[in-house]
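Fit chain B to the known structure of chain A by using the hints.
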Amino acid sequence: MKTGMNILLVGVGGQGTILASKILSHVALAQGWDVKMSEIHGMAQRGGSVVTQVRLGEKVHSPIIEPGEADVIVAFEKLEAFRWTHMLRPGGAMIVNDQKIEPLPVLIGAAAYPEEIIESIGQRVGRLTVVPALDLATKLGNPKAANVVLMGVLASVMDIPRETWEAALEARVPARFLELNQRAFAAGFETK
Amino acid sequence: MKTLLTGNEAIARGAYEYGVSVAAAYPGTPSTEILENIAKYPEIYCQWSPNEKVAMEVGVGAAIAGARTIVTMKHVGVNVAADPLFTAAYTGVRGGLVLVSADDPGMHSSQNEQDNRNYAPFAKIPMLEPSDSQEAKDMVKLALDMSERFDTPVLLRITTRIAHSQSLVELGEPIERTVQPYSKDAKKYVMIPAYARTRRLFIEERDKQLGEFTETVDVNRIEMADPSFGIITSGVAYQYVREAFPDASLLRLGMTHPLPKQKIAEFAAAVDVLFVVEELDPYLEDRIRALGIDVIGKAFLPAYGELSVSLVKTRLMAALGMTSEAAYDSANDVASDAAATSDCASADSCAACANVAAEACQTAQPIQSAQPDEQSNAVIATAEPFDAPVRPPVMCPGCPHRGVFYTLRQLRLVVSGDIGCYTLGTMAPLEAIDTCICMGASISGALGMEKANPDLARRLVSVIGDSTFLHSGVTGLMDIVYNGGTSTVIILDNSITAMTGHQHNPSTGKTLMGKDAPVVDFVALAKALGVRRVVEVDPLDLDRLKAVIKEEVAAPEPSVIITRRPCALIVKNTETPLECVGCKGCKACLRLGCPALSLDKGTRKVVVNSALCTGCGLCAQLCLFNALRKAGE
Numbered sequence: 001m002k003t004g005m006n007i008l009l010v011g012v013g014g015q016g017t018i019l020a021s022k023i024l025s026h027v028a029l030a031q032g033w034d035v036k037m038s039e040i041h042g043m044a045q046r047g048g049s050v051v052t053q054v055r056l057g058e059k060v061h062s063p064i065i066e067p068g069e070a071d072v073i074v075a076f077e078k079l080e081a082f083r084w085t086h087m088l089r090p091g092g093a094m095i096v097n098d099q100k101i102e103p104l105p106v107l108i109g110a111a112a113y114p115e116e117i118i119e120s121i122g123q124r125v126g127r128l129t130v131v132p133a134l135d136l137a138t139k140l141g142n143p144k145a146a147n148v149v150l151m152g153v154l155a156s157v158m159d160i161p162r163e164t165w166e167a168a169l170e171a172r173v174p175a176r177f178l179e180l181n182q183r184a185f186a187a188g189f190e191t192k
Numbered sequence: 001m002k003t004l005l006t007g008n009e010a011i012a013r014g015a016y017e018y019g020v021s022v023a024a025a026y027p028g029t030p031s032t033e034i035l036e037n038i039a040k041y042p043e044i045y046c047q048w049s050p051n052e053k054v055a056m057e058v059g060v061g062a063a064i065a066g067a068r069t070i071v072t073m074k075h076v077g078v079n080v081a082a083d084p085l086f087t088a089a090y091t092g093v094r095g096g097l098v099l100v101s102a103d104d105p106g107m108h109s110s111q112n113e114q115d116n117r118n119y120a121p122f123a124k125i126p127m128l129e130p131s132d133s134q135e136a137k138d139m140v141k142l143a144l145d146m147s148e149r150f151d152t153p154v155l156l157r158i159t160t161r162i163a164h165s166q167s168l169v170e171l172g173e174p175i176e177r178t179v180q181p182y183s184k185d186a187k188k189y190v191m192i193p194a195y196a197r198t199r200r201l202f203i204e205e206r207d208k209q210l211g212e213f214t215e216t217v218d219v220n221r222i223e224m225a226d227p228s229f230g231i232i233t234s235g236v237a238y239q240y241v242r243e244a245f246p247d248a249s250l251l252r253l254g255m256t257h258p259l260p261k262q263k264i265a266e267f268a269a270a271v272d273v274l275f276v277v278e279e280l281d282p283y284l285e286d287r288i289r290a291l292g293i294d295v296i297g298k299a300f301l302p303a304y305g306e307l308s309v310s311l312v313k314t315r316l317m318a319a320l321g322m323t324s325e326a327a328y329d330s331a332n333d334v335a336s337d338a339a340a341t342s343d344c345a346s347a348d349s350c351a352a353c354a355n356v357a358a359e360a361c362q363t364a365q366p367i368q369s370a371q372p373d374e375q376s377n378a379v380i381a382t383a384e385p386f387d388a389p390v391r392p393p394v395m396c397p398g399c400p401h402r403g404v405f406y407t408l409r410q411l412r413l414v415v416s417g418d419i420g421c422y423t424l425g426t427m428a429p430l431e432a433i434d435t436c437i438c439m440g441a442s443i444s445g446a447l448g449m450e451k452a453n454p455d456l457a458r459r460l461v462s463v464i465g466d467s468t469f470l471h472s473g474v475t476g477l478m479d480i481v482y483n484g485g486t487s488t489v490i491i492l493d494n495s496i497t498a499m500t501g502h503q504h505n506p507s508t509g510k511t512l513m514g515k516d517a518p519v520v521d522f523v524a525l526a527k528a529l530g531v532r533r534v535v536e537v538d539p540l541d542l543d544r545l546k547a548v549i550k551e552e553v554a555a556p557e558p559s560v561i562i563t564r565r566p567c568a569l570i571v572k573n574t575e576t577p578l579e580c581v582g583c584k585g586c587k588a589c590l591r592l593g594c595p596a597l598s599l600d601k602g603t604r605k606v607v608v609n610s611a612l613c614t615g616c617g618l619c620a621q622l623c624l625f626n627a628l629r630k631a632g633e
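Sequence lines, in order, name chains A and B. Numbered by the UniProt record's numbering, the letters in the first sequence go through residues 1 to 192 in order. Numbered by the UniProt record's numbering, the letters in the second sequence go through residues 1 to 633 in order.
In isolation and in its complexed conformation, chain A is listed as follows (with noise of 0.2 Å):
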């Protein structure tokens, strides 16, 4: 691994994207690495935007990715994904859950979700991985854990052993719960 990585997570309240950040920064501890993670949420409990960002390396200063900058971007909806597709470094990677969460001014038919959005990151991502994350969590019994299909994707992209990341899972996902995420986990690794 190159000296430091900058993961940054987007995606619709209630989607699980900060449990999924978790995992990522448990694997990162378990590396040896210093790890930080910043969130931000806000007025609302469901629905809003959601973004957080793991920056992972020998030596982490500042809690923030900058804009271009970010090495890895998972996108647990589509619209999310274009939205920060600027976030992006040249050569960086992205990952998108074919998920479509349309927003309240979509759903009331004050504004068009944007045709073709996976064509147009396609035109500006070299490496784009788009994930039926949804379908592959529905699949194995729990829609909700497409969260951790989306972090198997990641794991199959990232230079760490995969036992560092279902540890990982071990460590942070309830006990009841654990063996639907291996499974999920599994089929977002071997997605690719």
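No lab work stands behind these hints, which were simulated from the structure alone. Fair warning: there could be bad hints in the mix.
Here are the simulated lysine-lysine pairs, DSS-like style, with alpha carbons at most 27 Å apart [what the hints assert, rightly or not]:
1. B:Lys584 with A:Lys100
2. B:Lys263 with B:Lys298
3. B:Lys124 with B:Lys2
4. B:Lys572 with B:Lys40
5. B:Lys2 with A:Lys59
6. B:Lys572 with A:Lys100
7. B:Lys510 with B:Lys451
8. A:Lys22 with B:Lys40
9. B:Lys605 with A:Lys100
10. A:Lys100 with A:Lys22
11. A:Lys100 with B:Lys601
12. B:Lys587 with A:Lys100
13. B:Lys572 with A:Lys144
14. B:Lys141 with B:Lys263
15. B:Lys510 with B:Lys527
16. A:Lys100 with A:Lys144
17. B:Lys584 with B:Lys601
18. B:Lys630 with A:Lys144
19. B:Lys572 with B:Lys601
20. B:Lys124 with A:Lys139
21. B:Lys141 with A:Lys59
22. A:Lys100 with B:Lys630
23. B:Lys188 with B:Lys124
24. B:Lys2 with A:Lys22
Residues of chain A clear of chain B, computed beta-carbon distances all greater than 12 Å [stated by the list, open to error]:
25. Asp34
26. Arg83
27. Asp159
28. Arg176
29. Phe177
30. Leu180
31. Glu190
Heads up, the beta-carbon is just placed ideally off N, CA and C, and yes, glycines get one too.
Quick look at chain B alone, frame taken from chain A:
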């Protein structure tokens, strides 16, 4: 053992490790999680107070009684707590007393951006500013020790990026939790003028001692390197500076009141050019300049919003007259191999750019990658954002407040609003709120509006949540009764402090430590304050709700309407979701702004998202064609 903690968790851990026995707060982003985490340590008595003033008073009492004590709040909460705080600075403490102020530069979740560092010299109390979670924990110890040694409350000031960022923290064993024996000392703790005048002189003496202490305390630290320019900084800005200029000389200030004047002078003399990098007000800058030391600060950095690594880098390089390339060479260890771009590329940052230094910023050239990425030739991501439709925060599906705002809008009432989830009633399509100033201001503000313009009286309501009403609405309602106001107060009682993440309050029947508690009876309370018209109504019954609001607003005396339904996120929903059959496409239901309803662009008919729908049935009451009904009926 090292573990990842947010700044808030680290402060809670510090309270545990360093012998705190009492903790009090009112929840407020970004401070809320400090008390939520303290509640995990049964050794510490902790409580939600109805507001920050009360929390501060609980804290002062506990400290006088001999316990190590912590009181936490968001920045605007300190305004509420300022009254007891300023006098606690006179009485001092017996057990250590730490006040945590969590400021919110950039206003991620706040109504203003005030820089609470100004409170330290104003209240005449010392202040500490951590720059990561480890320091946040360590500074709880330092603050408690200072508080007891110098007989003063101590302000521990953090910001959102400290509170909600996780970084590594070394955990330690807790020291013994002791409460010092109580003894009466009226001359110290009873601030009648004769005694307060003596304590006023004590503060002067204490300030001198603190002035000497701040010169030697190790959180004020010179990190000397290249002497061509030096930077004085504090808080999270220290981390931005360290990353932007790894080889720069720094004076890192962890104690920012009183300031170490000699150390500042010594550092200033050792460098050719001196910068101050700080978020928000020119707090350090003005005080350093008052020492007769020439510094560059807000002339090149914005006095509002958050700083960032790239902002600090481009502005300082511009100030030094360096191109970015030259600066990049001199700072030969920039960690990132990415192509850092000029901050001006993003619209958001450019708003922050629109001050005196805008021109300088635009002339700074983007730094080129030292080691171009192998794939960057193929595809270049740009820092130009896509034009994506906004995703505004919304009231949750099934929120019991939705129908109230729909009705208020329908009746074209003037609505004096307050702070909470329900402030979202101001957003489209509900657009039902006229004002929102601070906690409690809905009620007292309405009284002011009515007194200023009596014509408003018969179309004016205030809306306030249960927790906010207890925080500071009660006194406003008392004022309405006492001073002959006539407006209607609607208490939106969802039985929880919802916006900050579901904390208990005196109306929920539980304490922070999980014990059962008596429940405030809003009807009896309103009557005790002298309100004769008090009505309870189910906010999901729109016809009745509308009739009650019309009747109470028309009444020429104060009334209180309590709309009672629990928050949609704290009830286990067993209702059947709705379905839409036979939609005529009139879109009447969409005026509720419910995230579970959408318009199918192809058929022009409304569709219910059954995964989101809680079956509250509000939309069915608006449908003129009886198309929305429980699935399967």
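Violations among the numbered hints = Of the numbered hints, 3, 7, 19, 20, 25, 26 do not hold.
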